[in-house]
Structure formats: structure tokens, C-alpha cells
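Chemist: The primary structure of each chain is shown beneath.
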Amino acid sequence: MTAAKPHPPPRPADDLPEAAGRLLERLRSEGRRVHAITNAAAQVLTANLLLAAGGTPSLTIAVDEIVAFTGRADALLVNLGTLDNERRASLAWAIATARAHGKPWVLDPVFVDASPARLALARLCLAGSPAILRCNRSEFAALAGEEAAPQALSAFANARRVVVALTGPVDQVTDGSRFVAIANGHPLMTRVTAMGCAATALVAAFAAIEPDPWRAAACALMVVGIAGEIAGEVAQGPGSFVAAFLDSLHAMEASDLRRRARLS
Amino acid sequence: MTAAKPHPPPRPADDLPEAAGRLLERLRSEGRRVHAITNAAAQVLTANLLLAAGGTPSLTIAVDEIVAFTGRADALLVNLGTLDNERRASLAWAIATARAHGKPWVLDPVFVDASPARLALARLCLAGSPAILRCNRSEFAALAGEEAAPQALSAFANARRVVVALTGPVDQVTDGSRFVAIANGHPLMTRVTAMGCAATALVAAFAAIEPDPWRAAACALMVVGIAGEIAGEVAQGPGSFVAAFLDSLHAMEASDLRRRARLS
Amino acid sequence: MTAAKPHPPPRPADDLPEAAGRLLERLRSEGRRVHAITNAAAQVLTANLLLAAGGTPSLTIAVDEIVAFTGRADALLVNLGTLDNERRASLAWAIATARAHGKPWVLDPVFVDASPARLALARLCLAGSPAILRCNRSEFAALAGEEAAPQALSAFANARRVVVALTGPVDQVTDGSRFVAIANGHPLMTRVTAMGCAATALVAAFAAIEPDPWRAAACALMVVGIAGEIAGEVAQGPGSFVAAFLDSLHAMEASDLRRRARLS
Numbered sequence: 095m096t097a098a099k100p101h102p103p104p105r106p107a108d109d110l111p112e113a114a115g116r117l118l119e120r121l122r123s124e125g126r127r128v129h130a131i132t133n134a135a136a137q138v139l140t141a142n143l144l145l146a147a148g149g150t151p152s153l154t155i156a157v158d159e160i161v162a163f164t165g166r167a168d169a170l171l172v173n174l175g176t177l178d179n180e181r182r183a184s185l186a187w188a189i190a191t192a193r194a195h196g197k198p199w200v201l202d203p204v205f206v207d208a209s210p211a212r213l214a215l216a217r218l219c220l221a222g223s224p225a226i227l228r229c230n231r232s233e234f235a236a237l238a239g240e241e242a243a244p245q246a247l248s249a250f251a252n253a254r255r256v257v258v259a260l261t262g263p264v265d266q267v268t269d270g271s272r273f274v275a276i277a278n279g280h281p282l283m284t285r286v287t288a289m290g291c292a293a294t295a296l297v298a299a300f301a302a303i304e305p306d307p308w309r310a311a312a313c314a315l316m317v318v319g320i321a322g323e324i325a326g327e328v329a330q331g332p333g334s335f336v337a338a339f340l341d342s343l344h345a346m347e348a349s350d351l352r353r354r355a356r357l358s
Numbered sequence: 095m096t097a098a099k100p101h102p103p104p105r106p107a108d109d110l111p112e113a114a115g116r117l118l119e120r121l122r123s124e125g126r127r128v129h130a131i132t133n134a135a136a137q138v139l140t141a142n143l144l145l146a147a148g149g150t151p152s153l154t155i156a157v158d159e160i161v162a163f164t165g166r167a168d169a170l171l172v173n174l175g176t177l178d179n180e181r182r183a184s185l186a187w188a189i190a191t192a193r194a195h196g197k198p199w200v201l202d203p204v205f206v207d208a209s210p211a212r213l214a215l216a217r218l219c220l221a222g223s224p225a226i227l228r229c230n231r232s233e234f235a236a237l238a239g240e241e242a243a244p245q246a247l248s249a250f251a252n253a254r255r256v257v258v259a260l261t262g263p264v265d266q267v268t269d270g271s272r273f274v275a276i277a278n279g280h281p282l283m284t285r286v287t288a289m290g291c292a293a294t295a296l297v298a299a300f301a302a303i304e305p306d307p308w309r310a311a312a313c314a315l316m317v318v319g320i321a322g323e324i325a326g327e328v329a330q331g332p333g334s335f336v337a338a339f340l341d342s343l344h345a346m347e348a349s350d351l352r353r354r355a356r357l358s
Numbered sequence: 095m096t097a098a099k100p101h102p103p104p105r106p107a108d109d110l111p112e113a114a115g116r117l118l119e120r121l122r123s124e125g126r127r128v129h130a131i132t133n134a135a136a137q138v139l140t141a142n143l144l145l146a147a148g149g150t151p152s153l154t155i156a157v158d159e160i161v162a163f164t165g166r167a168d169a170l171l172v173n174l175g176t177l178d179n180e181r182r183a184s185l186a187w188a189i190a191t192a193r194a195h196g197k198p199w200v201l202d203p204v205f206v207d208a209s210p211a212r213l214a215l216a217r218l219c220l221a222g223s224p225a226i227l228r229c230n231r232s233e234f235a236a237l238a239g240e241e242a243a244p245q246a247l248s249a250f251a252n253a254r255r256v257v258v259a260l261t262g263p264v265d266q267v268t269d270g271s272r273f274v275a276i277a278n279g280h281p282l283m284t285r286v287t288a289m290g291c292a293a294t295a296l297v298a299a300f301a302a303i304e305p306d307p308w309r310a311a312a313c314a315l316m317v318v319g320i321a322g323e324i325a326g327e328v329a330q331g332p333g334s335f336v337a338a339f340l341d342s343l344h345a346m347e348a349s350d351l352r353r354r355a356r357l358s
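Read top to bottom, the protein sequences are chains D, V and L. Using the working numbering, read the first sequence as starting at 95 and increasing by one per residue. Using the working numbering, read the second sequence as starting at 95 and increasing by one per residue. Using the working numbering, read the third sequence as starting at 95 and increasing by one per residue.
For the record, the hints were derived by calculation from the structure and aren't laboratory data. Keep in mind that the hints are not guaranteed to be accurate.
Here are the simulated distance ranges between beta carbons [unchecked claim]:
| # | chain 1 | residue 1 | chain 2 | residue 2 | range |
| --- | --- | --- | --- | --- | --- |
| 1 | L | ALA235 | V | ALA190 | 57 to 63 Å |
| 2 | D | ALA214 | V | ALA214 | 31 to 37 Å |
| 3 | V | ARG166 | D | ARG354 | 49 to 55 Å |
| 4 | D | PRO263 | L | GLU241 | 52 to 58 Å |
| 5 | V | ALA211 | D | ALA345 | 18 to 24 Å |
| 6 | D | GLU327 | L | GLY196 | 42 to 48 Å |
| 7 | L | ALA235 | D | ARG354 | 53 to 59 Å |
| 8 | V | PRO263 | D | ARG217 | 28 to 34 Å |
| 9 | V | LEU220 | D | ARG356 | 52 to 58 Å |
| 10 | D | ALA277 | L | ARG352 | 35 to 41 Å |
The structure displayed is predicted, hence computed values, not measured ones. Glycine included, each C-beta is placed from N, C-alpha and C at the ideal position.
Taking the hints into account, I'd like the entire structure generated from these sequences.
Modeler: Shown next as C-alpha cells:
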């Protein structure tokens, strides 16, 4: 890969909470369609998260239809969590369609650290110029060949010209020149399947509105983290957490974002 | 298509709420199995809706098994929302099996307006004589080639000898000679994925009991709309709405139907 | 099959509630990964049940990846509920991988009574020496060719050298020499899709910790039954039951197990 930079990129004291409020407001009033090729366990939560936030999902994976569906969507999400033959054939056509139409697409290389076949495919996908790469530490390490330190994220973002959105207890988003750490969230988010996969769909929806993918990714992860925090305050456990999360996302107001954002 | 009729069919001041209560009572006491070839995002909610209403789902899509599963079901639901190769191969055999056994089947041409391949397949399915076609306005327009006005629904129902059950803020059900509009429901139903797909499974379950498919479809959509209304009164948002919807369907009494039905 | 024994095996007045508490504690503190090849309607609940109990799921069904994923898991669950071509190809490799690594695997022959193709496949799977067979009465009868009486379960377990975990209003678990009946549970568990399928994932997770598969299976079914009982006391219906079930599993304490276990 490229050599790590001596310092991480600057951390702008930013207007991200206000920007996130405006993006949520526009998604609710104008709508956006996200086509999601995603894993079987993530499809329902992904669709329900988009609907709760004001967007519209479509989810087909059929190779005969993927060009038509991607062509009428405003953004594309490619999640590698279930690589059956149908999805494998469809995702290359979906990426090509998004690029041909100039629409943003987001890559979520789920479990890329668990299988060599998947790692090879994820690298081919990266060559298709996603606007944003959303992954966790182990997935980043597998893709980049080095630990997920801020400098490494920044070097990778610069070299691949992609926004890296690394999720974990503290999310980190960088485009190589700007960097933000988002400390919102709740531990129950790790006890519900596909929360990260579904969150990436909001990243794609915001990228369909906001032309700066760094701001789109940071705002989406902040909104998801804050919805999780609010849900964690009322949930009795991981079962009731899911409903509370979707409810709080649906009801979220700009003041929640301003008051709760923990950025650095 | 055929010429539109000068007037829509009559709107019988009907005993539909009582009929719906009896159908629900019979489903709970006698049970019915619905085999559903449905899209991946709808499978869980479809199964849980059937179980909450007293029915039994089966969901396999494997071509080697579809004849055995459809043959022992009481009704078939074909939803075109995920047209992978396996489902595409299976649905023709499932329809043939339902017809051979004289069992009712229901077609849900999801997103048929979004892809030419899907529209062509939906037309082939329609030629297999479903008892009921459940769709929304855009899907009807794509299939029929004209706007979803009451006269057009009626003409289509007459020409194809199918009950048309059009869902939206007000549902409309016609067999060409009878027509009912159902104004029950709640806006949160559009913020949960696959609510319409799952509702169609109750249409199929009722069609397995009630030999008149117009009454079966109208009663099922009324029950679903009223369950949605009750849920909307207690839910905090789209997340808690799903659980509240299934709970209210499970607990629904004949008196809820009589008191809340808004038919015209 | 083999001749039925004259008497069922002994019913040890056992320390199962204490053992179940220790297994749950170890799963929460040490974690275990279960790879589940399971049906489409069961994937989300299976993953969420494992996460609520402290485990980690992986769910891929892709034949190119199944060896890598099964190889890094601590146990394997094979559920026959959706036998599409991809799953059919993958499950043989998954079973071979689990055996090669000496990891326990659990067979759930869903609906094996409904299709001859599935019955033939289930018999082939049984020849791959699962540690535990989890099924209901009709599935057992189809597999064994006789009614699911305690003697028949015991004879089958002895002949096949497999623990039989038969679920129903009262669960029965035998390895041919030991037998326990577990009367915990709640009627709403039958009104939620895939509860039995998901429960089997906890059987697999416990089998990854406890080398005695009879104890692992009995403890897991007891934990699930008691979580269901607690949930049934607070749920308003089958919709709210699912969340309450996951919440009570997540919060379960050893004292709940001691106080509520109904074993014989």
C-alpha cells in the first residue's frame, strides 16, 4: 500500500450536526430510493431503517433485473454478506449501472476477513470506485493489509480516492484530508444482527442527497449512533431495542442531533 | 385492453364485517396452510402474519420440492418481489399444482412497474388464472396499460375473470360486478417493509375458506386495515408498529370489525 | 429400524438447571461462533437469538465460502428448511468440514415429513453423524418410520448414536441411556415463525462448550423454554412476544433457571 502519513488529517470543528439534520429533513420531504444488494439477514432491517428515515428501499438481486432496478435508484449499496451465485453475478452489473448513471455507491465488505474468495471479490469491487467504504476494524485490516489506525485509514482513503467509514465503539470517517470521530452509539447495537449493514443504507441515502461523500457518511453514522443511544435508554434488551431504534430514527429532530452529537 | 365500462359496478351495502369475523374465527379454529413463494424481505412478516391470524405458512422455493409443498397447502401465494432463478423456476410448477388440485392462488406482482422482465413474467402468471390479483396503483397501471380508476379495475376484472384487490390509502376490491372501497388502515403501514406482501397472505388464507374470492379479498384487506389502525393508536413509530400490528391481529374480535369498518 | 426397548431410559434427578446457568455464563463471557445454514425465514431470529445469548452467528450459504466459514466456527447448525441449489451444495461441504475439524454439528430436518426429496436428503445428512438431531413429532416419525414415543426416541438414539431432542409442548431429550422431559415454554412460541429453528442454534452454541451433547441439548431447550415463559407473561401477543423473548434470554439469570425449571 502507500506509506502511512506522519500525522492524521485535521479534525474540523464542524457543522456536522446541523448538516445531518438538514439531510434527514430532505430525505423525509423529498425521498430517495436506495437499491441494496445485501445479505439475507440484513434485508428486512435495511429496508425498515430506510423507510423509518424517509427513504425507499429496493432489494432485488436477480441478474435479469438488476440493471433496471439500479438505474431507477438514487444510490446503490453493495454488501458482500451473502455471496450466492445470483448476488455474485448481479453486483458487477449493479456497480456498472451506478457508474454509468453517475450515482453514488457504497461498499460494505462484510466478513471479508473470513474467506479468501470474499477478499478477492471485495478488491475487485473496490476497483469499481465506490464513493464510500463502510467496514469494521478486522475488515479494514484484511482489505488494507495493515491495522486500522487513523493514519492508515487516511492513507488508504487517499490512495483509493474513497471515503473510509470505519465503525466500532467510536466511528471514524475520513476522505484522507478530513477526519471525524463519532462517539455516539450503544452497546446493544452489537447484540442485534445486521445493525451495521442497515446503517450503511442510510450512508447511501445521504450520499444520494449530499454531493460530499465524507459529510454524507459522517452525518449518517451520527444519526444512527444517536438513534441507538436514544433506543438504548428505553429498551429492555436486544429484542425491544430494534423497535425502539426504528422509532427513535423516525422521530429524530434536529435538536436531538445538536444536543447529543459527540464528535472529535 | 377492453373498453372501460360507462359506470363502476354497484357497491353493495354488505355484511362484510360479519363475514370477516366468521372467516377469522374459522381460520383460528380450523387452520389453513398457505404456501407462499414470496420475496426475501417479506418471508418473516408473511409467516408471522399468518401465524398471528391462526393459519400456517410454508415458504420453500426449491424447485424439487414445490409440487409436494403446494400440493399439501390449502392456497398458494405468488409474490414476484425476488425473481432469482430458483423462484422463477418454481413458480410455474407451483401455479400448475394449485390449478391441478383446484386450490385458489393469489398473484402479487410487486414492482412490476420497475422492470420489463418482471412485467413479462407477471403477464404469463396472470394467464395461469389466479383467483385474486393484489397490487398497488403503479403495478396495476403497468399490467393493465391504463390508470387505476374504478372503471378500469372493473373492466380488467371482467376481461381476465380475476378479482382485483388494489391497495392504497383506500383499498378497492372488485370482481367486475361488485365493488367495495375500504378506508381502514394507518400511515405507518407504508413505513414498514412488506406490509402489503404479508397482507396478501391473509387474502390467500381467507380464499382457502371462502369460495367467493371477492368476499375473501375484501374481508382480508379489511381485517389487515383495522389491525393497522389499532396498532397505529398504540405504536411509538414504525418499529413498535410491527409488533403492535401482529398483536392486534391476534387479538381481533368480531366487535372490532363491526365498530371500525369503513366501507363504501 | 431397531426393536423398541422394553422401558424408556432412566430420568436422572439432575443438576441441569445449574449446568444451564454455567453454560449461559460461559457463552456470555467467552463467546462462541455458530455457523448456521438455515432457512431464509429463520436467519434473522437465529442470529438475534445467538447474539442475545452471548454467541456470534455467521450465516453464509455460498458454496465457495462454506469451508472457510465452517472451519472458523465452533459449531455448525444445518437446517433443511430452504433447500435451494446453493444450500443443497453447501451443506455437504459444511458437514465434512465440521467433521474434519472435530466440531459438533446439529441437524434440524424441518418439514422432512412434507417432501420425499427432503426426507432422502435428511437421511444422507444423518449418515454424517450429527451430535444432536432436533425435530418435532411429525419430523421424527417421518425419519424414524415410527411414532415419537420415548422408547422409539431412545432406540433411534442408540441405533444412530445421536442425541434426539424432540420439541413440542413438552420437550424430550435422550441419548438412548438418559432421558429428560422439559415442560417449560409458552403457547405463543408456536405463533412465531422459526422459534424452533432459532432455538436449535442455542443447542449448537452449548454443544460448542459442553462436550456431553445430551446435557448441551437439554440445557439449551430449557433456557429457551424458560425465556419463552417469562416473555409470555409480559407480551401482549405474538408480535411483542419476539422482542420480550430476546430480552428475557439476554437478561436471564441462574436463579430464573433454578426457580422455573420443570424437568422430569
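Chemist: Each hint needs a verdict: does it hold in this structure or not?
Modeler: Verification of the supplied hints:
For L:ALA235 and V:ALA190, the hinted distance range of 57 to 63 Å is not satisfied, since their beta carbons lie about 29 Å from each other. Checked against the hint of 31 to 37 Å, the C-beta distance between D:ALA214 and V:ALA214 comes to roughly 36 Å, which is consistent with it. Here the CB-CB span from V:ARG166 to D:ARG354 is close to 53 Å, well matched to the stated 49 to 55 Å. For the pair D:PRO263 and L:GLU241, the beta carbons lie near 53 Å from each other, so the given range of 52 to 58 Å is met.
Checked against the hint of 18 to 24 Å, the pair V:ALA211 and D:ALA345 fails, with Cβ atoms roughly 39 Å apart. Look at D:GLU327 against L:GLY196: about 45 Å separates their beta carbons, and that is inside 42 to 48 Å. The given range of 53 to 59 Å is respected by L:ALA235 and D:ARG354, whose C-beta atoms sit roughly 56 Å from each other. Between V:PRO263 and D:ARG217 the beta carbons are some 47 Å apart, a value that contradicts the proposed interval 28 to 34 Å.
In this structure, V:LEU220 and D:ARG356 meet the distance hint of 52 to 58 Å, their C-beta atoms being roughly 55 Å apart. Between D:ALA277 and L:ARG352 the beta carbon distance is about 40 Å. The supplied range of 35 to 41 Å therefore holds.
Violated hints, listed in ascending order, are 1, 5, 8; each of the other numbered hints is respected by the structure.
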